[in-house]
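S.K.: Residue-level listing of the chains:
Protein chains: 6
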Amino acid sequence: MKKLRELAIDEAFEMFVLVKQADVRMAKNGKKFIAFTFQDTSGSIDGKFWDASEEEIKRFVAGSVVMLGGKREVYQSNPQIKILHLRLATEEEPNSPSLYMEKAPIQREEMMEEINQTIFDITNANWNRIVRHLLTQYQTEFFEFPAAKRNHHAFAGGLAYHTVSMLRIAKSICKEYPELNPALLYSGVILHDLGKVIELSGPISTEYTLAGNLVGHIVLVNEEITKACQTLKIDDHSEDVLVLKHVILAHHGLLEYGSPVRPKILEAEVLHQIDNLDASIQMMLGSLKQIEPGDYTERIFGMDNRNFYLPRM
Amino acid sequence: MKKLRELAIDEAFEMFVLVKQADVRMAKNGKKFIAFTFQDTSGSIDGKFWDASEEEIKRFVAGSVVMLGGKREVYQSNPQIKILHLRLATEEEPNSPSLYMEKAPIQREEMMEEINQTIFDITNANWNRIVRHLLTQYQTEFFEFPAAKRNHHAFAGGLAYHTVSMLRIAKSICKEYPELNPALLYSGVILHDLGKVIELSGPISTEYTLAGNLVGHIVLVNEEITKACQTLKIDDHSEDVLVLKHVILAHHGLLEYGSPVRPKILEAEVLHQIDNLDASIQMMLGSLKQIEPGDYTERIFGMDNRNFYLPRM
Amino acid sequence: MKKLRELAIDEAFEMFVLVKQADVRMAKNGKKFIAFTFQDTSGSIDGKFWDASEEEIKRFVAGSVVMLGGKREVYQSNPQIKILHLRLATEEEPNSPSLYMEKAPIQREEMMEEINQTIFDITNANWNRIVRHLLTQYQTEFFEFPAAKRNHHAFAGGLAYHTVSMLRIAKSICKEYPELNPALLYSGVILHDLGKVIELSGPISTEYTLAGNLVGHIVLVNEEITKACQTLKIDDHSEDVLVLKHVILAHHGLLEYGSPVRPKILEAEVLHQIDNLDASIQMMLGSLKQIEPGDYTERIFGMDNRNFYLPRM
Amino acid sequence: MKKLRELAIDEAFEMFVLVKQADVRMAKNGKKFIAFTFQDTSGSIDGKFWDASEEEIKRFVAGSVVMLGGKREVYQSNPQIKILHLRLATEEEPNSPSLYMEKAPIQREEMMEEINQTIFDITNANWNRIVRHLLTQYQTEFFEFPAAKRNHHAFAGGLAYHTVSMLRIAKSICKEYPELNPALLYSGVILHDLGKVIELSGPISTEYTLAGNLVGHIVLVNEEITKACQTLKIDDHSEDVLVLKHVILAHHGLLEYGSPVRPKILEAEVLHQIDNLDASIQMMLGSLKQIEPGDYTERIFGMDNRNFYLPRM
Amino acid sequence: MKKLRELAIDEAFEMFVLVKQADVRMAKNGKKFIAFTFQDTSGSIDGKFWDASEEEIKRFVAGSVVMLGGKREVYQSNPQIKILHLRLATEEEPNSPSLYMEKAPIQREEMMEEINQTIFDITNANWNRIVRHLLTQYQTEFFEFPAAKRNHHAFAGGLAYHTVSMLRIAKSICKEYPELNPALLYSGVILHDLGKVIELSGPISTEYTLAGNLVGHIVLVNEEITKACQTLKIDDHSEDVLVLKHVILAHHGLLEYGSPVRPKILEAEVLHQIDNLDASIQMMLGSLKQIEPGDYTERIFGMDNRNFYLPRM
Amino acid sequence: MKKLRELAIDEAFEMFVLVKQADVRMAKNGKKFIAFTFQDTSGSIDGKFWDASEEEIKRFVAGSVVMLGGKREVYQSNPQIKILHLRLATEEEPNSPSLYMEKAPIQREEMMEEINQTIFDITNANWNRIVRHLLTQYQTEFFEFPAAKRNHHAFAGGLAYHTVSMLRIAKSICKEYPELNPALLYSGVILHDLGKVIELSGPISTEYTLAGNLVGHIVLVNEEITKACQTLKIDDHSEDVLVLKHVILAHHGLLEYGSPVRPKILEAEVLHQIDNLDASIQMMLGSLKQIEPGDYTERIFGMDNRNFYLPRM
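Protein chains in written order, with the numbering used here: chain A, 2 to 314; chain B, 2 to 314; chain C, 2 to 314; chain D, 2 to 314; chain E, 2 to 314; chain F, 2 to 314.
Next up, chain A with everything else stripped away, as it sits in the complex (with noise of 0.2 Å):
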């Protein structure tokens, strides 16, 4: 059966579908309508829900499994649902969410496997043992988060996949410049978005938690540093310690983007340059994969709010 994203433009279609949005706004002509976002794996479209009545309004709220029957139309060149109409999914049939949500394109348990076959890499005693504590406190969380609420890598296993795929080009790297220290890239490949997992609320409706307002995904990962060290009796103020947390805090690269240090140290000044590399690959990726060649994407926010064009060829 066709998925949301493979249906042809004016293709009618029923199929079961996840609520990952439901905004209420209201129509200019006084009543409530509800912009709704539906998703499953191969991704997601809007549709309006127009004369929302209150009790729909509590119905079919984000994270709710629903039918859906419909047209996919066109709007401003974005591909939209012309909804026609709309159930909840009843005990009986597939209304997990996490059936409909995008994944990581590689399975969990390969991500596992790559990431524990690098810690082999960390031969630094106080990092190895700071990284298996880390990830074993969080392990499930970490591979089931997104990378970020919107931009890159927001999907469930996004975090994950974002640092395996961080991983594999570190080792290229390593292989090239041959004074990089493997241990400390790797290491902080692993845990630089760690605090995800503690700024965000989880997969689903993904949202900012109070802890992630007021403090931030670097500075809490920095915490859990802290905290695993005195649970390890490790001295937090070593040198190596250190510059673990140094590669960790400055992977934002500027000031403005919210590191509290630049990058001081070669390795940290390298993650920071994956970490882009790859959060910008998946950006351009996710929008150039919507649109057909000869044709400019959306303009991309986490991309200074460039378009970019597909080529003919």
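Since the hints were made in silico from the structure, they are not lab data.
One or more hints might be untrue.
Note that the list lumps identical chains together, so a pair holds whenever it fits in one copy or between two copies.
[Unchecked claim] The calculated lysine to any residue pairs, modelled on SDA-like cross-linking and capped at a C-alpha distance of 25 Å, are:
1. 150 <-> 295
2. 32 <-> 6
3. 176 <-> 304
4. 32 <-> 125
5. 49 <-> 311
6. 49 <-> 169
7. 290 <-> 213
8. 83 <-> 8
9. 265 <-> 313
10. 72 <-> 314
11. 72 <-> 57
12. 172 <-> 290
13. 83 <-> 15
14. 234 <-> 121
Since the model is a prediction, treat every value here as computed from it, not as a measurement.
Knowing the structure of chain A, use the given hints to seat chains B, C, D, E and F on it.
M.R.: For chains B, C, D, E and F alone, coordinates are given in the frame of chain A:
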């Protein structure tokens, strides 16, 4: 007896002073000289020691107390010492560096008393316990360290003095705006720069430590709060602790200035502005004290490189 | 009887209110509607009047007092009025706009008294005479005008209220830093925004005047000082007058914010920071008052578009 | 007889010149020297006077005319004088500084005539009266002052010369764009920099006055217009006066450059751009005149620190 | 007969106009409408066509000439058309788009003559040959294309008109500053925007071409000069060709505005400033023409989003 | 025998070296000295030659090979040579500059082979032909030139070495992200800096050429592609050629860094980031190699003036 900054122009003198800085440089004629900064409790003045031998370079290092004979001159509108003779103070002479260091204008005991009184106003139990725990742990350093390597409050006790000045302003402002939470503001004031006791090396020949360079005082104090919570069995993700951390993390106001988050809470914004106000006034006063009415100060780095005029009235 | 901002959600009501703004817009269906802002002394709320006839558009203009019947709703987390019926207040009813305008929380007489007391502390004769001359000349407007069209202190009497708040802070700060010249700082505080009585049109439906747009309040008050000097036969190039002018001209702190010079005198920098502090607190409080603990305010334009969190404690 | 800037490389000479600047500095060997800038009507050249005695420092000050014997050399691709002997000019010798000052390339009388003719085109009575009043009041200074301490038009008569050049451009542009109001543009050109006669100390050893530093020429000329209106009994809040003030206040174009308002009137924007154009050309020509085709100028501070190439054609 | 921009408010009319733009959008009620921009030689006005059928959307596309019946209204202080009826012009009716396009205020022949005359002043043989070669090659487009998609000179012939205006200013300025090389400045003016004939799609429904988006007009004209040199057997690395290229490459003045080099030659800086001056004046006049004295224009995007006031005099 | 950068501190030596730079400066005592940079294949070190005669200045110019006797010292934490004696190498001695130049760490033949292999992967015929044409045309320079005058890869063969390093990274990344077009990315990598063979003067005493200053390497290589298309009879406005040009024109990433367009194609963004990554690593390694673990490098201009720490592990 006169002190360093009380000498008249062209006045000859002999006195004990502390060598605050001793940078070895090479003159254009290829010979080495020492660019000294001498200091006593009245302030500091530069002086050059020409044709320094290797032995002299090793003898007159920063931190040593010397008997200095010379003449107070003016060079490019800055005071300067023409060195006539120089020798190390002997064991019998007053050779303890602490005798010559600039100090906060308030006595340590008075500052301690004022801070302790303030702690009674910190009515939130978690904040109160964290503040007392950290002040107890770092009591010695807190009252000895400067608030900076240079710029504002760069003298022994400067950290505590800056804290006390800010507390006074904070109290006045809490009176004017009853919506402010005094317990939060006072906790924030007391802890905001405490990380400097780890960031800096101490009151003499102050340098940045490795932790200071790689982590920075803003994140360092956050680590201390994290550890204090573990020790005191306080949930460090409870809302009041998150709020306290935020107020401190945000105190530089802008990401560009090294805060990983911008103020998102009323008291965080106010703390930032009080910090700025006290630091600005201290920097301006520091320069204005050295000139006569009708003159302009040197450009002050920490004030966007502006110079200031001292009116004739 | 309840006031506008005291209504519970979904509460029906009838009350007299002032029409603060009445913007005519066109709905997507091509019909006109009026986007009202209603106001009483408790604050203001928006409401839309659909399918407005030309006659209604002419009748319900900004500045008129109306009997409003409606229901208090919430729209995109902002309070809003659903208008059920609307008519102009009659001559017999309480139809004076001044009855419904937000006012400074301090009485005019009290503010006047406080400012007059302060003038005794302006010990420089030129400054004292200039301040008294201009306060006398613009006494009515000074105590009636808002301090801004929107943002902070945008209510009747806001200009005087902002001035008085700043004076209180200034006095506290002069106590902490005896090097400050209180006479200069108080003169600067009292006059710094006086040009707004020319820049703005008045307390109702406040707009910028032509002089406000083409010259601006900073230069306008400088003109008033120039004229006052001519009238009072004070040499306006004497150092004390130049210094007073400077303190006022520089009060926006940065050229980018419209000051033709940056602060070059201690009191000028302090005045700028006090101004900023009081304006910031007022803007934050204005938004925080409208939300519940645990919520975030709307983004505040004058605070670099940040939003603020109201802690649950 | 040859002038300063006409000397060939390595040419020896003796001539009377003006000491434009005489900065006393200390050499690395601890002895004082004077860094002279010598000047005659052909331009200026630097030269160093080694091992200066206190008496010589007092004798050869800026503003004195000296008999200079020396050799014209090149140092780091800049011309420079090797001083062989130096003495003050006597009473019998041509010792008036004005004989040696760079002057505008147009005669004062010609400039005066050209400005007077232009005033006939200022058909608005208020503008005409204000312009004539202020030109009469500051006639002497207007034709003697430079337009700046350094950068562009930094020579005696530079202010008037800059004004006349701009008037010529303004006239050409008014011909091309008939929508422009010539009376407004010409009034603006004539008055825009008039405040410099108060901002600067005069044509010799030009410095900023206290009024220049604390108020600045843009606001100073606005004060003069305010006073002129009082004297001439013109309503200074009439629209034509407001418009004239605006055109002048906005002439730096950007707030960052010290204008308290940005141009909001056609002629204000045009005045700003003509000012920029004339100043840029003068700065570039000033540097290009000193080099040969195929060479690059020194970096020009007022042109964003760019250097310029003089093509070989 | 009246033209579009000559209609009085509320005046009903019937006339032939060109559809300049026809954007299909969806109303909040879910139905499509067409947001038209209609145009004749007097200018353009917007109008909305509600409840558009798919057939109507296909019929009334940009570039078609229509008989429009409607009423001229005002909406948010902008003129607008209420559409009463609409049909395509027939073959017998005046249905050529060129009849309705805004045109340069100077005739094509006059512009051509003026440019040809100017070429006589280009005394450098290489520049002369390159200019003539490219003008001959792109003669048709050069006199038909606009100078921009929107902002300044966005009408048929706008490119040539902008060029001619700039030439006139350039000639005046060459008279004032004899150091300028007129041949270089005129060559630069004529060629500086010629790349727009490749960057843009043409005078109707102007869009950016792929070459425009990926390469841009500044580099495109550089390519044309490169090819011209090959065809004309001119060494494109000779100094005069390098200088000509530079003057053109640098004409946006700042790297941020898309010039790959900043002006490093006198004439390059002057060309940039003349370009800016003519474009600014055209943008301001375009908006000022649409308002009455005493009013403010809309904000002009190309003028840093400023609005302008039209004085009452 | 030891090389320049292998000498211990205070070690005396005699060896042949190349004079890389020889700047004549004037000491404060008025005498000239030569500020040398000596070089052999191990790197370069500075040394000052005091009291240089005119004859010596003419003898020891950049590019000459000398027999240098001296002592390796440290000055302000930088290595430096104290010159004891100095003479030109004779004809019989190893006096060819190429013997002493820093070289890429990979042999020219190996780089050539690697690039040639890569060309097989450029499967688009136009790109393949253009790349081969330009590499053939500039083969000698491409393998001899540095990639910059200073900063990164500023040594003979640096251009090819930088290209090869980037190709290796590009290949790894193409493996990770199969959506990338390898042919486009490799073509872009090979050509992106080829314009430097025109922008720079060559591998010894590298300077910018006039074409480099006035046009710049980004536009210069675009010209070369334009000419190649003419020679090879390829339509230079075909989409694949436009796309190739874009990828190269955009490789500095930001307009502020001299690209006339920002990346609008996936491979353009990736090319920019790989370029940045390789250049950054080279700059950091260049500085880190000169210090010991536990020390900080000098500030690196090309890395936003940051310094870097070399951890002790």
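S.K.: Indicate, hint by hint, whether the structure satisfies it.
M.R.: Status of each hint after checking the structure:
Only between protomers do residue 150 and residue 295 lie at most 25 Å apart by alpha-carbon distance; the minimum there is 21 Å, versus 30 Å within a single protomer. Proximity of residue 32 and residue 6 under a CA criterion of 25 Å is satisfied inter-copy only: 24 Å between copies versus 30 Å inside one chain copy. Taking CA atoms no more than 25 Å apart as the test, residue 176 paired with residue 304 passes between copies only; the shortest distance there is 23 Å, against 29 Å inside one copy. For the homomeric pair residue 32 and residue 125, neither the shortest alpha-carbon distance inside one copy (63 Å) nor that between copies (46 Å) is at most 25 Å.
Within a single copy, residue 49 and residue 311 get their C-alpha atoms no closer than 29 Å, and across copies no closer than 33 Å, so neither meets the 25 Å cut-off. In this homomeric assembly, residue 49 and residue 169 never come within 25 Å of each other (Cα to Cα): the closest approach is 41 Å inside a single copy and 48 Å across copies. In this assembly of identical chains, the alpha carbons of residue 290 and residue 213 lie at most 25 Å apart only when taken from different copies (24 Å versus 31 Å within one copy). Taking CA atoms no more than 25 Å apart as the test, residue 83 paired with residue 8 passes inside one copy only; the shortest distance there is 13 Å, against 38 Å between copies.
Taking the closest pair of Cα atoms, residue 265 and residue 313 come within 25 Å of each other only across two copies (14 Å); inside a single copy the shortest separation is 43 Å, beyond that limit. Within a single copy, residue 72 and residue 314 get their C-alpha atoms no closer than 31 Å, and across copies no closer than 49 Å, so neither meets the 25 Å cut-off. For the homomeric pair residue 72 and residue 57, the shortest alpha-carbon distances inside one copy (20 Å) and between copies (22 Å) are both at most 25 Å. In this homomeric assembly, residue 172 and residue 290 come within 25 Å of each other (Cα to Cα) only across copies, at 22 Å, whereas the closest approach inside a single copy is 27 Å.
For the homomeric pair residue 83 and residue 15, the shortest alpha-carbon distance inside one copy (12 Å) is at most 25 Å, but the shortest distance between copies (37 Å) is not. For the homomeric pair residue 234 and residue 121, the shortest alpha-carbon distance inside one copy (21 Å) is at most 25 Å, but the shortest distance between copies (35 Å) is not.
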